[in-house]
Amino acid sequence: MSQFDEIVRELKTLDLSRMYQGDFFRTWDKSDQEIAGVFAVADALRNLRQRNLSVRMFDSGLGVLLCREEDPRSRFPFASACNLLGLEVQRLALDRTSCGESLWETLNRASFMADVIGIQDDTDPNQGHAYLQSAAGAVEEGFQNGVLEQRPTLVNLHCGMDHPTLALAGALHLIHHFGGVEQLRGKKVAMTWSCAPGGASPSLPQGVIGLMTRFGMDVVLAHPEGYEVLPQVEEAARANAQRSGGSYRRVASMDEAYEGADIVCSQSWSPCAAMERRAGLQGDAVGLQALEQELLAQNAQHRDWHCTGERMARTKAGKALCLPAGGVCQAGEMDAPAVAHCRASLCQAASCQPYIIAAMIFLTQCQRPVEMLRDLEKRGRVRKKR
Amino acid sequence: MSQFDEIVRELKTLDLSRMYQGDFFRTWDKSDQEIAGVFAVADALRNLRQRNLSVRMFDSGLGVLLCREEDPRSRFPFASACNLLGLEVQRLALDRTSCGESLWETLNRASFMADVIGIQDDTDPNQGHAYLQSAAGAVEEGFQNGVLEQRPTLVNLHCGMDHPTLALAGALHLIHHFGGVEQLRGKKVAMTWSCAPGGASPSLPQGVIGLMTRFGMDVVLAHPEGYEVLPQVEEAARANAQRSGGSYRRVASMDEAYEGADIVCSQSWSPCAAMERRAGLQGDAVGLQALEQELLAQNAQHRDWHCTGERMARTKAGKALCLPAGGVCQAGEMDAPAVAHCRASLCQAASCQPYIIAAMIFLTQCQRPVEMLRDLEKRGRVRKKR
Amino acid sequence: MSQFDEIVRELKTLDLSRMYQGDFFRTWDKSDQEIAGVFAVADALRNLRQRNLSVRMFDSGLGVLLCREEDPRSRFPFASACNLLGLEVQRLALDRTSCGESLWETLNRASFMADVIGIQDDTDPNQGHAYLQSAAGAVEEGFQNGVLEQRPTLVNLHCGMDHPTLALAGALHLIHHFGGVEQLRGKKVAMTWSCAPGGASPSLPQGVIGLMTRFGMDVVLAHPEGYEVLPQVEEAARANAQRSGGSYRRVASMDEAYEGADIVCSQSWSPCAAMERRAGLQGDAVGLQALEQELLAQNAQHRDWHCTGERMARTKAGKALCLPAGGVCQAGEMDAPAVAHCRASLCQAASCQPYIIAAMIFLTQCQRPVEMLRDLEKRGRVRKKR
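So the protein sequences, as listed, match chains X, F and H.
10 is the number of the first residue of the first sequence in the working numbering; add one for each residue after it.
10 is the number of the first residue of the second sequence in the working numbering; add one for each residue after it.
10 is the number of the first residue of the third sequence in the working numbering; add one for each residue after it.
Just so you know, these hints were derived from the structure itself, not from any lab.
All residues carry an ideal CB built from backbone N, CA and C; glycine is no exception.
Treat the hints with care, as some may be off.
[Unchecked claim] Partial pick of chain H residues on the chain X-facing surface, computed with a CB cut under 8 Å:
#1 GLN59
#2 TRP113
#3 PRO240
[Unchecked claim] Counterexamples of contact, computed for chain F against chain H with all Cβ distances above 10 Å:
#4 GLY31
#5 ASP68
#6 GLU114
#7 VAL156
#8 ASP264
#9 GLN291
Can you make the complete structure from the sequences, with help from the hints?
This is the structure we're talking about:
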């Protein structure tokens, strides 16, 4: 049986009915079968593309990229996924004041021909999820009122609370690497803060602990005091761990986290409290600069939080797998030997991200994903004429 | 007979020959049959898309978006229309100094593979139309000289004098709502200025009075002293009204305009004289800021020009239809009850805009629009595979 | 025999095997047959498009535009070429600090679905080529490591050392104009500096002398003292001239260069030493401004270096052909009579550029270009439905 046939056979066993015409916001709101469905469709789309088959299911249509600040780290995976399926990306920049009525109007007026909206807004970890929900409400109401001819799917490209597309890409890479989701059971994942200038939201660490715990892995989180992640995400991680037979705990140092780890992921992030302050300072350039100085000084107290070759040597057989973080690895989070160790694995994991996003779109747009995949294979349209 | 067949049958009766290989600048330069043709093609394209049929008539090609300042309100409808027909949008930013020889060269060098150019430049209401004409001259000459392999269609996305795509979208919505263009006869349209910070050009109010008067409607315009629209547009409105049996007049207050109105449209715009001064101040930051302060102060004298729920109650049965304006409705032009009243209708009208633009492209690019529409239906290519 | 058949017949005689899965950086690294292959494929693609046949060989895929500063002069030809072949352009902005590890990661993470990367970076003429090579190394390694599913082609959109796409577009225009590459033998080409504010790199003059010398033409370069081009490019030009039976020499004045010239090309460029200093001053606003002032003052000493109608009269029969430069011709490099003389020819030459870029992509992506062109003709897919 071909790899494609195996994937499709697995897909047939899953209940994905709740995904159709829905959105994808947080992994912990999805069932195990739904997560497995995303992996299976991502693998199937990749398999077809590798066999030079086009999976364009749209012959026209837009993918709207809604974001505060343009970041190629979100744009490229999203644009790649949209392009793969036949949608063209148009960016819509929203400022902080776009909410309520004006979010409703702006979003609907940009979505007349949109089949998907990717949203990237992690300015305030406490608000990001609510923002996604109000955006979903706006297009849902627009669809019900006849303003929109189709209900676009919303995909969370990181919201301050979760980073589902990158966390799932990492997990899919682990599944490929270790030879199946069952092989992840008991593996140790070290998610650690590391010192680098600039401060993202904790979307990624939260995404990692909120996802990896559901595969029966032992997930540890390490960060300096003051860099705590959102308590409700830790609760979700604990609940996952209990169901899956894995574990979740916080440890006090990077060394402890790395000790014997099978998988490591390092990223610098800002304290949630600081992000909340930053969100409140929008437009106040002086206040913002003072805050950034304060954060840099706070960061600088933790220069020893650094992913080094020496620390990598403490991991399982000195060969832990690296998961991709949001930023460029060299920006300070890792030293040169660690980068040399991690680079290829980290990028291989990131290469799953466009397929993960495409799978999310696929499953929310297709009522019968199994039949659709079979049809795309049978159609046999080449992606690149040779 | 299906709705599509009815539309096509109507289209067959119209003389649209002058539109082929032309441009679309001002509605009042077009015949009634040509305006009817745009409506019919917009409806036909929408009908096909709603039946999940792709209307991509281009298998490659660019749609150039030529604009001073990027505005998603122009970009999304244009990009949606281009994408629907199979063209990819590339933006070309032109600064004030691009004119004459350099406009010629810049425009031609961007248009080697362009089938359409959407132009948005309303910096000076007195100059916008001349700018469109010189752009048309540039690509016409480029085409004649063998520089361009095809003559791109120019579409006015608002020029300071007219806003044909949004005005026509509003009119098409009225036709749908009231059940036919004949049903518009005698309806009262209130086009009013309203107080909001920031100042667009009077493109939209001019577009509305220059178009709605041709359907036999009673069009009134209300604005504070000093916010007069261009006299030549008022002349066009009067001429339309005379031909169509409608009327055009200015009234002194918002209350008078709203009294018994079937349709209302509110927008803040800058005085033409101020826009002329603003255009002359390009590059002079201090002068520009002083002018903006002056305009805000002038605006502030007219805070009572505001679309309120109370005023909406004065309209016909308290239920006037709202037409979309250029800006976000919540920005100050309307109070909360008025927004609640208008929002859906306003967005439904705006949803016609991509189809209006697509129809303009279609009619200037297809020599036999009726046969083309029949072919697209017969081709039966699905837009979204299911 | 049709023009298309003639082109394909010529193509069959050429050895293009080394181009497959390669990159296109500098014309002088390519064989005469490879240069002839680019011309033939560019002509073939244009011939098909003129016959309204779509040459989309990709059904999805990205073309990444990697650049420091966005410039429509590079973006439009690249986007046109990508669109023609079926790829969608996504821009990736790289700042000066993106190099080494972070270039590796950034480039690979943007290229998961990229079939081509166009690179425009002429900040430092001495570094540009090395930058291209390290970018090629990054994607090559990513492909070998399984990070990328395909090895994207890199196309140099000007690197400070060469400007192959515009120089080749000019040469192809000359071939069309004079009736064959053999007709170029003995023609005089005057490549001259001319005075205009702002300073590009010497990519274009270097591209012109490095390419035109291989067709047996007499190429002269004229510029004021201090504006010397890179010595290694002059060496390449001399080597070309020796092989082809043409010549390359520097002359001291514009008048001497124009005397009896068949072809002229004027452009303002910055001294290499100044560009090196500018590259070193990135981030130092005060230093940069001081340098620009110094350069303007240096430029102003050479106001007589100006392409005038009077000078054009000195050329062969007063009718020299103009080749396109990077900037807008009116910006100061030419006076009004010279612009009137040159404009159409200059834009006709520029119109070849998208086809040249498409040919570069085509030849690096297709193992059997002759069969592919035949297939595209036989497929008969229309570009624009009529």
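For each hint given before, does the structure comply? Return the numbers of the non-compliant ones in rising order. Structure breaks hints 1, 3, 5, 6 and 7.
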